[in-house]
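Protein chains in written order, with the working numbering: chain A, 1 to 258; chain B, 1001 to 1258.
In case anyone wonders, no lab produced these hints; they're calculated from the structure. Just so it is clear, the structure is predicted and the values come from calculations on it, not from any experiment. One thing to keep in mind: the hints can contain errors.
Calculated pairs, DSSO-like style, for lysine-lysine (alpha carbon to alpha carbon, straight line, at most 30 Å) [unchecked claim]:
hint : chain 1 : residue 1 : chain 2 : residue 2
1    : A       : K154      : B       : K1036
2    : A       : K154      : B       : K1021
3    : B       : K1154     : A       : K36
4    : B       : K1154     : A       : K21
5    : A       : K22       : A       : K154
6    : A       : K36       : B       : K1036
Some residues of chain B that are not near chain A, with every Cβ distance over 12 Å (derived) [what the hints assert, rightly or not]:
hint : residue
7    : L1015
8    : L1018
9    : Q1019
10   : E1078
11   : V1084
12   : L1087
13   : H1100
14   : A1103
15   : R1131
16   : S1144
17   : R1165
18   : W1183
19   : V1185
20   : G1197
Where a beta carbon is used, it is the ideal one built from N, C-alpha and C, also for glycine.
Number of protein chains: 2
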Amino acid sequence: MSDVIGLSKNKKKYLLALQSKKQRQKYNKFVVEGDKIAREFLSQNLFPPELIFATSSWIETNKKLLKVHLNKVVTLSESELKQVSSLTTPNQVLVVADIHSWALDAKDVSKGLALYLDGIRDPGNMGTILRIADWFGISTVYCSSDCVDLYMSKVVQAAMGAILRVPTAILSLEELTQSNPEWPVYGTVLDGSSVYGQSLPEAGLIVIGNEGRGIKPENLKLLHHKISLPSAQESGMESLNAAVATGIFCALFRQPNA
Amino acid sequence: MSDVIGLSKNKKKYLLALQSKKQRQKYNKFVVEGDKIAREFLSQNLFPPELIFATSSWIETNKKLLKVHLNKVVTLSESELKQVSSLTTPNQVLVVADIHSWALDAKDVSKGLALYLDGIRDPGNMGTILRIADWFGISTVYCSSDCVDLYMSKVVQAAMGAILRVPTAILSLEELTQSNPEWPVYGTVLDGSSVYGQSLPEAGLIVIGNEGRGIKPENLKLLHHKISLPSAQESGMESLNAAVATGIFCALFRQPNA
Chain A
1 MSDVIGLSKN
11 KKKYLLALQS
21 KKQRQKYNKF
31 VVEGDKIARE
41 FLSQNLFPPE
51 LIFATSSWIE
61 TNKKLLKVHL
71 NKVVTLSESE
81 LKQVSSLTTP
91 NQVLVVADIH
101 SWALDAKDVS
111 KGLALYLDGI
121 RDPGNMGTIL
131 RIADWFGIST
141 VYCSSDCVDL
151 YMSKVVQAAM
161 GAILRVPTAI
171 LSLEELTQSN
181 PEWPVYGTVL
191 DGSSVYGQSL
201 PEAGLIVIGN
211 EGRGIKPENL
221 KLLHHKISLP
231 SAQESGMESL
241 NAAVATGIFC
251 ALFRQPNA
Chain B
1001 MSDVIGLSKN
1011 KKKYLLALQS
1021 KKQRQKYNKF
1031 VVEGDKIARE
1041 FLSQNLFPPE
1051 LIFATSSWIE
1061 TNKKLLKVHL
1071 NKVVTLSESE
1081 LKQVSSLTTP
1091 NQVLVVADIH
1101 SWALDAKDVS
1111 KGLALYLDGI
1121 RDPGNMGTIL
1131 RIADWFGIST
1141 VYCSSDCVDL
1151 YMSKVVQAAM
1161 GAILRVPTAI
1171 LSLEELTQSN
1181 PEWPVYGTVL
1191 DGSSVYGQSL
1201 PEAGLIVIGN
1211 EGRGIKPENL
1221 KLLHHKISLP
1231 SAQESGMESL
1241 NAAVATGIFC
1251 ALFRQPNA
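Chain A extracted, bound-state conformation (with noise of 0.2 Å):
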């Protein structure tokens, strides 16, 4: 089906290159990995995908999809797929796809819930996060500069698709606030006032802190509330998982008032 077969040295080059920030911002590509993923970035055109790296079953298998993809696709072995994939379990495609720019700014934030991340370094917690907001239907997740790559391999897998639906942009929660200072920004620190309880709003930017350190010194001043999540008394855990608290809180900004 695929009229280019093998890995040449330069698409080799390539794909081994994108696992890399740097090189996946100068050619502004991805790599998504695995068979549902794969299926899912197919039948899109946000993100446009510019080579299908499958195996001859997969192509056989996914025939009527790759019918507006045939120029891309190349077929490889099993054992060439290994050898450029970023998964210890091998799969049976690769899809290198365009990074999306969602051209969110400041002043074009939409007024529903969104979160900020600050500083959120674990790319399974990245992933999770993203399908939590996709989960809830959160309009933006922004993140500061020194989060986790959106676009690393980690991430990608763990979001599920959800970078697909989720817009997300890079910006520094000073502007944000500053372009929109009657949204109202809640921050979850472990010293706060009880989010029970509270009558909290359908609007608002809930601001989730690094999984080490929390939420840095000049971001905390820019929050307008300060919420946390009580523990039992007998706890002996001083947090909880940055996705865990991000589900929660979110779970609990969309509960219909009482």
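Use these hints to put chain B onto chain A, whose structure you have.
Here is chain B on its own, set in the frame of chain A:
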């Protein structure tokens, strides 16, 4: 400070054996790695440390903690530690400890809020769920027999000390519910009634399903209430991560009634 220096063949064999569930069960021992968690384990008696493998600098820094454990300490070089570590980033210390038997059976349940995990397979999810249980003061985490082993290295790492505080038991849901017919059983499913606005009890069992297939059919029959977390209409996600969902349901059950 320690009399024993270097990694003997037998000790190496023992440590590597403990990476398998079968051997952990045979010896009733497991391994914790890393500075913070090792210090937690050396300060408690529920899971008594049997052997402590550490670099000389770690031993020097933690003299006080090691005072009561002197005969258990083995000094290793960093490269020796690397040979027996199950982590990619080498650590300064590794502790072999007894597996504590919480001696809970079906008739002996606390009447508080408990979790039942139906086939949680991902070690990161399991560890994160134990952290959540610790945070919310969950009375017991019950596991079906097909859950990932609680004492697997990745679970212990992700649990970050919660394993010391959260009672766990492996038990069938049938046995648990038959022995406690008045305990309300809530199952988290995709097509249940919205959890929002329900009057949730302070005591009860929350059943969490497997990452892919959810709650097993035979366990679905045992539920008294099927509850769901509503997603946004435009969401493309089929489900939330199992640990995130657990955190959200625990937070909602712990929310004081308005």
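Hints versus structure:
Of the pairs offered as hints, the one joining K154 of chain A and K1036 of chain B holds, with about 26 Å between alpha carbons and a cut-off of 30 Å not exceeded. As the CA atoms of K154 of chain A and K1021 of chain B are separated by approximately 27 Å, the hinted pair is consistent with the 30 Å bound. Pair hint K1154 of chain B plus K36 of chain A holds up; C-alpha atoms about 26 Å apart against a cutoff of 30 Å. Of the supplied pair hints, the one linking K1154 of chain B and K21 of chain A holds, its CA atoms being roughly 27 Å apart against a limit of 30 Å.
Distance restraint check for K22 of chain A and K154 of chain A: the Cα-Cα separation of roughly 16 Å lies within the 30 Å cut-off, and the hinted pair is therefore satisfied. Between K36 of chain A and K1036 of chain B, the direct Cα distance comes to roughly 39 Å. Violation of the 30 Å bound is thereby established for this hinted pair. Remark: the non-interface label on L1015 of chain B is consistent with the geometry, its nearest Cβ contact in chain A lying 23 Å away (cut-off 12 Å). At the 12 Å boundary, the C-beta of L1018 of chain B stays outside the reach of chain A, the nearest C-beta of that chain being 22 Å off.
Non-interface call for Q1019 of chain B relative to chain A: holds, since the shortest CB-CB distance, roughly 17 Å, exceeds 12 Å. The beta carbon of E1078 of chain B sits about 23 Å from the closest Cβ of chain A, which is more than 12 Å, so the claim that it is off the interface holds. With a cut of 12 Å on Cβ distances, V1084 of chain B stays outside the contact zone with chain A, its closest approach being about 21 Å. The beta carbon of L1087 of chain B sits about 15 Å from the closest Cβ of chain A, which is more than 12 Å, so the claim that it is off the interface holds.
H1100 of chain B, annotated as away from the interface, keeps every beta carbon of chain A farther than 12 Å; the closest lies near 15 Å. Every CB of chain A lies more than 12 Å from the CB of A1103 of chain B, the least distance being 19 Å, so the non-interface label holds. Listed as outside the interface, R1131 of chain B is inconsistent with that label: its C-beta sits roughly 6 Å from the nearest C-beta of chain A, within the 12 Å cut-off. The Cβ of S1144 of chain B lies farther than 12 Å from every Cβ of chain A, with a closest approach of about 22 Å, so its non-interface assignment holds.
Not every Cβ of chain A is farther than 12 Å from the Cβ of R1165 of chain B; the closest lies at roughly 5 Å, contradicting the non-interface assignment. The beta carbon of W1183 of chain B is kept farther than 12 Å from every beta carbon of chain A, the shortest such distance being approximately 19 Å. Non-interface status of V1185 of chain B relative to chain A is upheld: no Cβ of that chain comes within 12 Å, the nearest being about 21 Å off. Not every Cβ of chain A is farther than 12 Å from the Cβ of G1197 of chain B; the closest lies at roughly 7 Å, contradicting the non-interface assignment.
When the structure is compared with the earlier hints, violations turn up for hints 6, 15, 17, 20 and for no others.
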